[in-house]
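Visitor: Just so you know, the sequences run in chain order A and B.
Under the numbering used here, think of the first position of the first sequence as 1396, with each following residue one higher.
Under the numbering used here, think of the first position of the second sequence as 6, with each following residue one higher.
Honestly, I wouldn't trust all of these hints.
[Claimed, not checked] Each computed DSS-like pair below joins lysine-lysine, with the alpha-carbon atoms no more than 27 Å apart:
no., chain 1, residue 1, chain 2, residue 2
1, B, K192, A, K1445
2, B, K138, B, K167
3, A, K1445, B, K138
4, B, K165, B, K188
5, B, K192, B, K210
6, A, K1445, B, K127
7, A, K1445, B, K165
8, B, K145, B, K97
9, B, K87, B, K167
10, B, K145, A, K1445
11, A, K1445, B, K199
12, B, K518, B, K210
13, A, K1445, B, K167
14, B, K127, B, K192
[As the list claims (entries may be wrong)] Over the 10 Å line for every Cβ pair with chain B, so calculated as not near, a few chain A residues:
no., residue
15, L1456
16, F1464
17, W1469
18, I1502
19, V1533
20, G1652
It should be emphasised that the hints constitute simulated quantities derived from the structure, not laboratory data.
Heads up, the beta-carbon is just placed ideally off N, CA and C, and yes, glycines get one too.
Next come the chains, spelled out residue by residue.
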Amino acid sequence: MGTYITKRLLLIVPTLIGAAALVFVIMRVIPGDVALLIFGGDQAGQIDPKQLADMRHRLGLDQPLIVQFGTWLWGVLRFDFGNSLWTGRPVIEELLIRLPLSLELAIAATIVSVLIAIPLGMLAAIRQDTWVDYLVRVVSIGGLAIPSFWVGILCILMLVIFFGWGPPLEFTPPWIDPWANFQMMIWPVVTVGYRYAAVTTRMTRSTLLEVLREDYIRTAWAKGLRERAVVIRHALKNSMLPVITLVGTEFAFLIGGLVVTETVFTLNGVGRFVVDAVAHRDYPVVQALIFLIAFGFVVVNLLVDLTYAWFDPRIRYR
Amino acid sequence: MAAVTRRYHALFIVLALAVVAASVVTAVHAADTPRRGGILLAVIGADPPSLDPHQESTFATMQLVAPLYSTLIQIDPYSYPKIIGDVASEWKISPDALTYTFKIRPGIKFHDGSPLTAADVKATYDKLIFPPKETRSVRKGAYLAVASIDAPDASTVVFKLKHPSASLLENFASPWNVIYPKKYLDKDPNYFMKNVVGSGPFKFKSYTPGASFEGERNPDYFVKDRPYLNGYKFFISTETSVRAAAVRSGRAYIEFRDLPSAEVDAIKKQLGDKVVVQHTPMTGQFGIAINNTVKPFTDERVRKALTLGLDRYTGGRVLFGLTGLKDVGGLLRPGTEFAMPEADLQKLPGFGKDMEKNRAEAKKLLAEAGYPHGFKVVLKNRNVKLPYQDFAVFAIQEWRKIGIEAEHRPLETAAWFADGRDSGNFELIIAPTVEASDDPDVFLRRYTTGDTQNWGRFTDPVVDDLFSRQSRALDPAERRKVILQLQKTVLEHAYYMPGLWWSRNVVHWAKVKNYVAPPNHYANQKLQDVWLSED
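If we strip away everything but chain A, and leave its shape as in the complex, we get:
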């Protein structure tokens, strides 16, 4: 087990460097740079080519690519992700403003999705092809088919039109004002939670159906065990491996992938930050965020793999 974890931890290094190098190259291939954008706002003022060159020099964009990448990587090794080219502020400072919100949203949405998905998935599987199953399938397909941003906008509009009330526009951490935090976060959490519950419900239903057809389940029924014991003790635990993988991957995605939901609910989260940084060609920010998100994915995947052993004691890591 120890060797396995060490190997996995060591693999993180080339994975992250690979991801960083890929993002570095992609960002330089697409047209435009931050200097141009700094000069060309909506008023698009007069751009002096000399000033543009000076700006590129000041931002270090005129250095050879290998030097730029090396400098950035050397900074990362010292936990210094550099400064945003767009705002001039340290990337870590910018990230820390947004991370608590994104973490709260990801954790809460994951909890909501699991709380909805596992019971519904179970119910649909054990009542297969009954009206209960059909209803669960309709609800979950609805969650998959309807984009979250649309649900979000509808949610806001209904609150505003019918109750003349809208969610707060600014994030308040739960430890400062839990009620204000609840008022703001409940809507995106439900919106995102529903979307991911739909995916997880379907996965739970199909894996549980598969397990319920196994011989050992038939044996359990034959022994005269009660439905609850058969489903929860024998079937559910064994059907959870793919579901855990899915929930883990979704959680990692939720930290940086909720751009549209964040925009709709004016949430100043990591997802919006990544997209804005790409649009601004803010290389240090994009590189740092992709690096950190990749790190998050790798760690969550490792944790998911390690939980397999608990769910299925036959699994042994070497």
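Please build the complex by placing chain B on the supplied structure of chain A, with the hints as guidance.
Guide: The following block gives chain B in isolation, referenced to the frame of chain A:
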């Protein structure tokens, strides 16, 4: 007994009427009397790249920090484009128009407690007009006439010019030219990209990037009894429908830039008299730059055909509700001092109202130029829906009627600049013009040879000469004549295709008092006279 009762009744009615009348008068008076206190809550559609208006050109910077600063002179908040003083109490222009002398009000303090003197004004304008290498000045082109700046004493600033400049005073009143304390500029000319030390009606309170920006009342503000508000707070949201919902729910009281008419109608329908909509024209126009250096657009007949094929008048009707694009005009905002009169404009290609005739003429010109069946072309654009893409879609379907098939290619902002405007890698490209005033120098410089805003890359010595002449013409009548000639030349040769002039809807709760929306979203953002009738 009955008579006495009637008398009492009459007396009671008279008294009641008197009380009602008195309370109505008091109420009206109270409504007009500014109330102190309250925080103005606003929504804004973008996060600023930096906090330094000298280096930025986006409303996101301007609207957030304008209440924190003063300028030398300013546009009158109640009477655009009249110019009034701000830190300058008076100014004098020499008879030869080569020396501008400004007197600075005494007793003005920056928010750090230091006095604002002529030295600070000089340092500010030195940074703007002669920027140090490590910084940039987006608008320094507006001050090319300035040769030197002096501060002979603490309350006098003198600008010496190389040649007369008709637009200089208007440019001094630009809201972007906020006054900074010299001591911080001396240490770091980029200090104000991340910090705020102004002398405006409000002091900086907090800024959370991507989320909110807050200012609080400056008790030492140099204008007596101002500001009325205790503070202001902007919430940042890039989604238009979310900003509209924020106003609708009362989470925000105002959106200063613009909301689409459909959102405005919905807000008005739900909230009725609780909200006020100020609809103003805009010092901004959406047009199409034609790359004059690539075929077939090197041929004037083809350029003319393009402009003849665009039905601007229908466009104004169709696009107004969706985008705010409304008025047909030339190179300067219709109805302003130097704009082309409608009758003259209609004689120019593409501005006549008979579209059948225009299209027939366009087809004839295309045939003469060797394109009897039209041609295919790519129209590059910014991938922003309002109003960029709606305008482009309208233009494309108009050109189809004269046989020109345009492919719409929306690009990210960075690519729109890098792979279009700046590299000249385009045939046609959507090219908006949005400025802080109607000043002809600012609007017309882009039609001169080599100007960085000359997206179409055309050269016409006649236009260059006319621009230079108008810029130095101090007699407004003479200047107008030259400006009209310049506009006529550009439009006759179809070097550039003006589309439609923008307008904007400023929606706010009726409790927000004393805010007059000017014709752009940069001016009148200091909020010193704005007050809230209730919290």
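Visitor: Each of the hints needs a verdict: does it hold here or not?
Guide: A quick look at each hint next to the structure:
Taking the CA atoms of K192 of chain B and K1445 of chain A, the gap is about 23 Å. The hint holds against a cut of 27 Å. This hinted pair checks out: K138 of chain B and K167 of chain B have alpha carbons roughly 23 Å apart, not beyond 27 Å. Annotation: proposed proximity of K1445 of chain A to K138 of chain B holds, straight-line Cα distance about 10 Å (limit 27 Å). Taking the CA atoms of K165 of chain B and K188 of chain B, the gap is near 24 Å; set against the 27 Å cutoff, the hint holds.
A C-alpha spacing of about 23 Å is found between K192 of chain B and K210 of chain B, which places the hinted pair at or below 27 Å, so the restraint holds. Among the hinted pairs, K1445 of chain A with K127 of chain B is consistent with the structure: their alpha-carbon atoms are about 24 Å apart, no more than 27 Å. For the hint pairing K1445 of chain A with K165 of chain B, the CA-to-CA distance comes to about 26 Å; that is within 27 Å, so the pair holds. Between K145 of chain B and K97 of chain B the alpha-carbon distance is near 22 Å, which keeps this suggested pair within the 27 Å criterion.
Between K87 of chain B and K167 of chain B the CA atoms are separated by roughly 26 Å; this keeps the pair inside 27 Å, and the hint holds. The straight-line distance between the Cα atoms of K145 of chain B and K1445 of chain A is roughly 13 Å, inside the 27 Å bound, and the hint therefore holds. The hinted pair formed by K1445 of chain A and K199 of chain B meets the criterion: a straight-line CA distance of about 24 Å does not exceed 27 Å. About 23 Å separates the Cα atoms of K518 of chain B and K210 of chain B, which keeps this hinted pair within 27 Å; it holds.
Between K1445 of chain A and K167 of chain B the alpha-carbon distance is near 23 Å, which keeps this suggested pair within the 27 Å criterion. Restraint check: the Cα-Cα separation between K127 of chain B and K192 of chain B comes to about 16 Å, which is no more than 27 Å; the hinted pair holds. Its beta-carbon lying about 12 Å from the closest one in chain B, L1456 of chain A satisfies the requirement of being farther than 10 Å from that chain. Remark: the non-interface label on F1464 of chain A is consistent with the geometry, its nearest Cβ contact in chain B lying 20 Å away (cut-off 10 Å).
Residue placement check: W1469 of chain A keeps its beta carbon more than 10 Å from all beta carbons of chain B (closest about 24 Å). The non-interface label for I1502 of chain A is consistent with chain B: the shortest C-beta to C-beta separation is roughly 20 Å, beyond 10 Å. Consistency note on V1533 of chain A: stated as away from chain B, and its beta-carbon is indeed over 10 Å from all of that chain's, at 28 Å minimum. Against the 10 Å criterion, G1652 of chain A stays outside the reach of chain B, whose nearest CB is about 17 Å from its own CB.
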